[in-house]
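A.B. asks: Starting from the known structure of chain A, arrange chains B, C and D with the ligands on it as the hints suggest.
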Amino acid sequence: MNIGIVRFPGSNCEVDVWEAWKVLGQVPKMLWHQETSVRGYDLIVLPGGFSYGDYLRTGAIARFSPIMEDVIRFAKEGGMVLGICNGFQILTECGLLPGALLRNRDLHFLCQPQYLRAERTDLAFTSLYQKGEVIQIPINHGEGNYAIDDAGLKELEENGQVVFRYVDASGEVNEAGNPNGSRHNIAGIVNREGNVLGMMPHPERVVEEIVGGTDGQRLFLSLVQAWERRMQYGA
Amino acid sequence: MLKAKVTVTLKKSILDPQGSAVEKALKSMGYPVDEVRIGKYMEVTLPEAARGNATEMMHEICRKLLSNPVIEDYRFELEDKE
Amino acid sequence: MLKAKVTVTLKKSILDPQGSAVEKALKSMGYPVDEVRIGKYMEVTLPEAARGNATEMMHEICRKLLSNPVIEDYRFELEDKE
Amino acid sequence: MEPRIWREMGLTDEEYERVVQLMGREPNELEVGIFGVMWSEHCSYKTSKPVLRRFPTEGPQVLQGPGENAGIVDIGDGLAVVFKMESHNHPSALEPYQGAATGVGGILRDVFTMGARPIAVLDPLRFGPLEEENTRRLVRGVVAGIGGYGNSIGIPTVAGDVYFHESYRGNPLVNAMAVGLLEHRHIAKGVASGVGNPVMVVGARTGRDGIHGATFASVELSEESEAKRSAVQVGDPFMEKLLMEACLELIQSGAIVGIQDMGAAGLTSSSCEMASRGNSGIEMDLSLVPRRETGMTPYEIMLSESQERMLVVPKAGREQEVEEVFHRWGLEAVVVGKVTADGMLRLLEEGKVVAEIPAKALTDEAPVYHRPTREPEYYARLKEQPLDGIKAAKPYGEILLDLLGSPNLASKSWVYRQYDHQVGTNTVVTPGGDAAVLRVRGTQKGLGMTTDCNARYVYLDPYVGGALAVVEAAQNLVCVGAKPLAITDCLNFGNPEKPEIFWQFEQACAGIAEACRVLETPVTGGNVSLYNETNGEAIYPTPTIGMVGLVENLEQVVRNRFAEPGEEIFLLGEVSGSLAGSEYLALFDGMEAGTLPPLDLKEIKQRLDFMLKLIVAGLVQSAHDVTEGGLAVALAEMAGKCGVRVSIALESAYELAELILLFGERLGRILFTVKPENAAKVQALAEQTGVLVTRLGETGGDTVAISVNGELKLEAAISECQRRSEETLPKALN
Ligand SMILES: Nc1ncnc2c1ncn2[C@@H]1O[C@H](COP(=O)(O)OP(=O)(O)O)[C@@H](O)[C@H]1O
Ligand SMILES: [Mg+2]
Numbered sequence: 011m012n013i014g015i016v017r018f019p020g021s022n023c024e025v026d027v028w029e030a031w032k033v034l035g036q037v038p039k040m041l042w043h044q045e046t047s048v049r050g051y052d053l054i055v056l057p058g059g060f061s062y063g064d065y066l067r068t069g070a071i072a073r074f075s076p077i078m079e080d081v082i083r084f085a086k087e088g089g090m091v092l093g094i095c096n097g098f099q100i101l102t103e104c105g106l107l108p109g110a111l112l113r114n115r116d117l118h119f120l121c122q123p124q125y126l127r128a129e130r131t132d133l134a135f136t137s138l139y140q141k142g143e144v145i146q147i148p149i150n151h152g153e154g155n156y157a158i159d160d161a162g163l164k165e166l167e168e169n170g171q172v173v174f175r176y177v178d179a180s181g182e183v184n185e186a187g188n189p190n191g192s193r194h195n196i197a198g199i200v201n202r203e204g205n206v207l208g209m210m211p212h213p214e215r216v217v218e219e220i221v222g223g224t225d226g227q228r229l230f231l232s233l234v235q236a237w238e239r240r241m242q243y244g245a
Numbered sequence: 002m003l004k005a006k007v008t009v010t011l012k013k014s015i016l017d018p019q020g021s022a023v024e025k026a027l028k029s030m031g032y033p034v035d036e037v038r039i040g041k042y043m044e045v046t047l048p049e050a051a052r053g054n055a056t057e058m059m060h061e062i063c064r065k066l067l068s069n070p071v072i073e074d075y076r077f078e079l080e081d082k083e
Numbered sequence: 002m003l004k005a006k007v008t009v010t011l012k013k014s015i016l017d018p019q020g021s022a023v024e025k026a027l028k029s030m031g032y033p034v035d036e037v038r039i040g041k042y043m044e045v046t047l048p049e050a051a052r053g054n055a056t057e058m059m060h061e062i063c064r065k066l067l068s069n070p071v072i073e074d075y076r077f078e079l080e081d082k083e
Numbered sequence: 168m169e170p171r172i173w174r175e176m177g178l179t180d181e182e183y184e185r186v187v188q189l190m191g192r193e194p195n196e197l198e199v200g201i202f203g204v205m206w207s208e209h210c211s212y213k214t215s216k217p218v219l220r221r222f223p224t225e226g227p228q229v230l231q232g233p234g235e236n237a238g239i240v241d242i243g244d245g246l247a248v249v250f251k252m253e254s255h256n257h258p259s260a261l262e263p264y265q266g267a268a269t270g271v272g273g274i275l276r277d278v279f280t281m282g283a284r285p286i287a288v289l290d291p292l293r294f295g296p297l298e299e300e301n302t303r304r305l306v307r308g309v310v311a312g313i314g315g316y317g318n319s320i321g322i323p324t325v326a327g328d329v330y331f332h333e334s335y336r337g338n339p340l341v342n343a344m345a346v347g348l349l350e351h352r353h354i355a356k357g358v359a360s361g362v363g364n365p366v367m368v369v370g371a372r373t374g375r376d377g378i379h380g381a382t383f384a385s386v387e388l389s390e391e392s393e394a395k396r397s398a399v400q401v402g403d404p405f406m407e408k409l410l411m412e413a414c415l416e417l418i419q420s421g422a423i424v425g426i427q428d429m430g431a432a433g434l435t436s437s438s439c440e441m442a443s444r445g446n447s448g449i450e451m452d453l454s455l456v457p458r459r460e461t462g463m464t465p466y467e468i469m470l471s472e473s474q475e476r477m478l479v480v481p482k483a484g485r486e487q488e489v490e491e492v493f494h495r496w497g498l499e500a501v502v503v504g505k506v507t508a509d510g511m512l513r514l515l516e517e518g519k520v521v522a523e524i525p526a527k528a529l530t531d532e533a534p535v536y537h538r539p540t541r542e543p544e545y546y547a548r549l550k551e552q553p554l555d556g557i558k559a560a561k562p563y564g565e566i567l568l569d570l571l572g573s574p575n576l577a578s579k580s581w582v583y584r585q586y587d588h589q590v591g592t593n594t595v596v597t598p599g600g601d602a603a604v605l606r607v608r609g610t611q612k613g614l615g616m617t618t619d620c621n622a623r624y625v626y627l628d629p630y631v632g633g634a635l636a637v638v639e640a641a642q643n644l645v646c647v648g649a650k651p652l653a654i655t656d657c658l659n660f661g662n663p664e665k666p667e668i669f670w671q672f673e674q675a676c677a678g679i680a681e682a683c684r685v686l687e688t689p690v691t692g693g694n695v696s697l698y699n700e701t702n703g704e705a706i707y708p709t710p711t712i713g714m715v716g717l718v719e720n721l722e723q724v725v726r727n728r729f730a731e732p733g734e735e736i737f738l739l740g741e742v743s744g745s746l747a748g749s750e751y752l753a754l755f756d757g758m759e760a761g762t763l764p765p766l767d768l769k770e771i772k773q774r775l776d777f778m779l780k781l782i783v784a785g786l787v788q789s790a791h792d793v794t795e796g797g798l799a800v801a802l803a804e805m806a807g808k809c810g811v812r813v814s815i816a817l818e819s820a821y822e823l824a825e826l827i828l829l830f831g832e833r834l835g836r837i838l839f840t841v842k843p844e845n846a847a848k849v850q851a852l853a854e855q856t857g858v859l860v861t862r863l864g865e866t867g868g869d870t871v872a873i874s875v876n877g878e879l880k881l882e883a884a885i886s887e888c889q890r891r892s893e894e895t896l897p898k899a900l901n
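Chains A, B, C and D supply the protein sequences, listed in that same order. Residue numbering for the first sequence follows this note's numbering, starting at 11 and increasing by one per position. Residue numbering for the second sequence follows this note's numbering, starting at 2 and increasing by one per position. Residue numbering for the third sequence follows this note's numbering, starting at 2 and increasing by one per position. Residue numbering for the fourth sequence follows this note's numbering, starting at 168 and increasing by one per position.
Isolated chain A (complex conformation) (with noise of 0.2 Å):
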């Protein structure tokens, strides 16, 4: 599988999600921001960080870097995409992804074990959740409130694009398992098309029991059986 993992300066997630692929057998390549072709990639990943410093708005800079353009181009061509965090945000500054991440409700930025439910298990990236599924997968964020407006919010509930929310250890969906003040406690969400994904918890922190945990594995497992299953039966 070609993974490619997008460096912008200031990203600080790209080696985690590198080694995290490592762990899983899969060998991805570094892109820097500069370049301007991803062609012939499976996956891009857009990892954490704070690219150009999240000066002005979290990933409003590393949106108009060079690679960018053609990242849009391939998620609108269907390729897969994955942003994880300070990834998500640049989602949605470019447009890939509706809605926005505004600083946490408390203004805190917080790095902690977080719940989640998997709202959504028939997409390439979580396949091999169940659906309902409560896991542990943690956030590091400052701005991940994920906000939309009414309308986008129905939208997005009704076309079912919230693959990951914000629950506390029972499950529940409420004001105390929820973060940061995100919308219908929103912690991930997939474009209509289902080929782009953002989300503000990181799971290639969760993929060694020894450094905290393993649920984060099945993410990247399913993306690779995925293309497994793509490569046998063709696209």
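Quick caveat, the hints were computed from the structure, so don't treat them as lab data. From the three backbone atoms N, C-alpha and C, an ideal C-beta is built for every residue, glycine too. Misleading hints may appear alongside valid ones.
[Stated by the list, open to error] From the derived model, a few chain D residues whose C-beta atoms are all more than 12 Å from chain C: (1) Gly-308; (2) Gly-337; (3) Arg-375; (4) Asp-403; (5) Arg-444; (6) Arg-459; (7) His-537; (8) Arg-541; (9) Ala-547; (10) Lys-550; (11) Glu-687; (12) Glu-731; (13) Gln-855.
[Claimed, not checked] EDC-like cross-link-like pairs, simulated, lysine to aspartate or glutamate; straight-line CA separation at most 16 Å: (14) B:Lys-82 <-> C:Asp-35; (15) C:Lys-28 <-> B:Glu-44; (16) C:Lys-4 <-> C:Glu-49.
C.D. replies: Showing chains B, C and D with the ligands alone in chain A's frame:
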């Protein structure tokens, strides 16, 4: 030279956690304030050569980069810079 | 009601990493800009009752909470709110 | 020259005389300014040097001791750990966010300038009383600033500590420690050598930031500091991230001779220190230094403390390589001068010489003061203050909950949740553990790290308290299964010109030195922060210790929470402690007094070795040291998944014996649990080694229950303990 003074504010419908925090703080300090909303202020200095289409260009800059139309509004004024 | 429009800017000699980053981005997008400086913009709504000493109070609020005089300058204007 | 001028630059009349002597002529104003800043306490250590010389600095593991930008310690496999701690107290008092942020930025540069990739930040913090609004403002700002810088640059902040005390009102302490990893072959140093090699300024442009920061750090805070506020700098973590990547790439390319970050006193200290270490001279034309502002004078350029800059000496002919690396990262790199043979720091402006000083006159020839010391009046008085009148203020269970919820003991998760403590995906033990543990990729090994200092102990008895700070750091490391390797320190004290303060300083350092000797953890570097006073009132002496240890096999890492019910719980060390200097006494009686328990470092060393042996043998399920709040608090802290039932036999009929047993403090004690089938083995080993180990009870239930002589004396629900511990900081700070 020209200076564009840009103000970017959150749309009315968007919650402003920072504003609310400042509002609460001011209230607890005993100041009678009703509401606080927080936005950004930017000064963009333009070269003389840009004077011709400065307004148009600033709209473009604001739409594309300085604000996110999903959540924010912008306005600006142009003035001569000493 | 009254509205105070507050602008907080970094003092001239203070480094503005945000502004520089935006400036570089605009330049690399092909816009002819000379400099960008970024500050904060705040709207504080005051009740009618505060009209009497609004100016004084706003100075106090700006000094104490809305700006840090060590690195920032502030200015504000008061206007009637519809 | 008018005396006013050198005095304003921070030189005394005698020091000025010495300058004239060393120069062989009258210096000009720029030269005086350079002497002023290099001979400031902050840069020259003129007061502390004679005392610091007594620290043990050698050991088979030490690859680089004090004197460089950071110390280096071998961890085997061709790898080494690089670490250093520094203070940013004064800037943080004025602008908490930026002060703390640039503190992190500065200490990270110290580590990557050695060629090491930083892997962790630690942040010991001290503030005034939590009840006060100003404290809260400072806490919020400082914590946001540390996170703002560390999170953004992508280096996890993995441990630290937070204490609140009167004495820090108006003078908070913001110390920051950075730890990095390095392959031996990539060690870089801050030297300028090789006549004719170019000298380059790389990274951010120079502005008028923080001019006088170093002199500023060497005076007391007062109303006047208001006027010197330009001394505050703004950090740019994004720039530093790029700078870090570029520097590491450059160092590994082998293109350079030396590199040093520009910290306090910016271009001045970096250039003359590099020249001095290399026994050479440096000549620079200041008009070549890239600037952010127009009209800067040579003085301003030399003293600017603009952040995110480095001075680099490449091998002649390879300057273009340097430029290329930096340009790729979007940074500037400019040749501003060259290395010379004459040992002079020669500064030019547009080709014209504006200053010419022997580099060593600024460094090695700086004055050294042997300040007088005097035992402070309070010392004997507090030591002898009787603690007989003390009574248990409440039922023991309530005391426990109050202690757990007191600001000093309460959970600091409000703080460390704001820090990315996982980036790098190497953090095996996250904040909340006794020490943080990070894995060393590609090996079985891990690095343990911790910062510690109970300033109340140091105040009451600087010698013992200083030693105890080292002991606490070591016991924290041992509790996670790490063998203590070496320390760095940040010595925060008041005005050393007061004999009582200097006495504290000298005593504390002597205690630290002795503990380091016995525990075999040499000092590899550190930082002295003096003049921590507000309106004449000194902070409590706070020599923060940062210690690094080695975990040989990550599978052996032990946590500080009971793993499961049915484990046997043991205490290593004395069963009872003392109320002297205890949190109990401070909280319930508003008293900080008493004689600290006697300190036997050799015995403690024996216990730590024993503990480590048990852990390496795989016999330990969980471990936690007994510190502030004593035995009851330590037990409650270990309870999480399950509680504990403890039963202690107490012979003493002294009426306070129970209180002291439960809440008395005494370092050198560790609680640990073992599986029942291993209990006999552990006890046999203890007997064999001759260390004191007592079986206290077993884990289980959902309360912390302590019986004395068969009678249940204290019981508290775990959920309640946790609630009280967790709620304090959020309540005060949100
Ligand atoms: N400022 C801080 N930054 C990061 N971690 C912190 C901070 N303060 C406390 N912690 C963490 O909280 C835990 C408890 O701190 P402390 O009570 O000082 O530990 P100990 O008594 O074991 O030395 C430790 O894991 C420590 O690293
Ligand atoms: Mg401690």
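A.B. asks: Does the no-contact call for D:Ala-547 survive, Cβ to all of chain C over 12 Å?
C.D. replies: Holds: least Cβ distance 42 Å, greater than 12 Å.
A.B. asks: Are all beta-carbon distances from D:Arg-541 to chain C longer than 12 Å?
C.D. replies: holds (37 Å)
A.B. asks: Say whether it holds or is violated: D:Arg-444 keeps its Cβ farther than 12 Å from all Cβ of chain C.
C.D. replies: holds (29 Å)
A.B. asks: Can we trust that D:Gly-308 is non-interface, i.e. its beta-carbon lies farther than 12 Å from all of chain C?
C.D. replies: Non-interface label on D:Gly-308 violated, nearest chain C Cβ at 9 Å vs cutoff 12 Å.
A.B. asks: Since D:Asp-403 was said not to touch the interface, does its Cβ keep a gap of more than 12 Å from each Cβ of chain C?
C.D. replies: violated (4 Å)
A.B. asks: Is D:Arg-459 truly not at the interface, in the sense that its beta carbon sits beyond 12 Å from all beta carbons of chain C?
C.D. replies: The claim is violated: D:Arg-459 sits with its nearest Cβ about 7 Å from chain C, within 12 Å.
A.B. asks: If we take the beta carbon of D:Gly-337, is the closest beta carbon in chain C still more than 12 Å away?
C.D. replies: Consistent with the label, D:Gly-337 stays out of reach of chain C, its closest Cβ about 15 Å off (over 12 Å).
A.B. asks: What's the verdict on B:Lys-82 and C:Asp-35, does the C-alpha distance respect the 16 Å limit or exceed it?
C.D. replies: Status holds; Cα separation ~12 Å.
A.B. asks: Minimum C-beta separation from D:Glu-731 to chain C exceeding 12 Å: can you confirm that?
C.D. replies: holds (49 Å)
A.B. asks: If I take the minimum Cβ distance from D:Gln-855 to any residue of chain C, is it greater than 12 Å?
C.D. replies: Correct as stated: the minimum Cβ-Cβ distance to chain C is 61 Å, above 12 Å.
A.B. asks: Keeping to a limit of 16 Å between CA atoms, is the pair of C:Lys-4 and C:Glu-49 held or broken?
C.D. replies: The hint holds at about 10 Å.
A.B. asks: Are all beta-carbon distances from D:His-537 to chain C longer than 12 Å?
C.D. replies: holds (37 Å)
Of the numbered hints stated above, those contradicted by the structure are hints 1, 3, 4 and 6, listed in ascending order.
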